[in-house]
Amino acid sequence: MGTIKTLNKWANAHTYYPLDLLRFALGVFLFIKGIHFLNHMPALIQMFEPIKNIPGGMIWLHYVMPAHFIGGILIAFGLLTRWAIIAQIPILVGAILINFLGEMNGTNLLVATLTLLVCVFFLFYGSGKHSADYYFKMQQ
103 MGTIKTLNKW
113 ANAHTYYPLD
123 LLRFALGVFL
133 FIKGIHFLNH
143 MPALIQMFEP
153 IKNIPGGMIW
163 LHYVMPAHFI
173 GGILIAFGLL
183 TRWAIIAQIP
193 ILVGAILINF
203 LGEMNGTNLL
213 VATLTLLVCV
223 FFLFYGSGKH
233 SADYYFKMQQ
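Add 102 to the 1-based position in the sequence shown for the working numbering, that's all there is to it.
Accuracy of the hints is not assured; some may be wrong.
Unchecked claim - Cβ-Cβ distance ranges computed for the label pairs, FRET-style:
hint	residue 1	residue 2	range
1	ALA234	LYS154	33 to 41 Å
2	GLY158	LYS239	19 to 27 Å
3	LYS111	ILE161	35 to 43 Å
4	LYS239	ILE172	15 to 23 Å
5	GLU205	TYR119	14 to 22 Å
6	GLY204	LYS107	40 to 48 Å
7	VAL213	ILE172	18 to 26 Å
8	LEU140	TRP185	37 to 45 Å
9	LYS107	GLN148	39 to 47 Å
10	TYR118	MET143	21 to 29 Å
Because the hints were derived from the structure by calculation, they are not lab data. Think of the CB as a built atom: it goes at the ideal place given N, C-alpha and C, for glycine as much as any other residue.
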């Protein structure tokens, strides 16, 4: 708990609008990706083809869309950012693995890798000073 407080204090002292904009863009991107998966369900099922024989492989299909919807909204507003990103990391690692186990798509691999790196950054950085977390903390 002390480590998280230390990281939050450092992040709030070193917060910048471009980082908040990046966090907002990440949340919007994940939300739009969830909408894309909802509208293109056969394509999502086809992407999960390489891991369908892994035990629990198709459970991930039902985890991806809600995690992107809810996580994207939470990340965009900066509410429970670290928890929302922890929910995104298995999806992004799976997206990278699917590229290696199935048909290699360079664009999807690049997008998944960049998104994972940004998520890992915000996992340590937190939501920043211009977020709902900070606002609610100040209301106490």
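- Non-conforming hints, listed in increasing numerical order: The structure breaks hints 2, 5, 8, 10; every other hint is satisfied.
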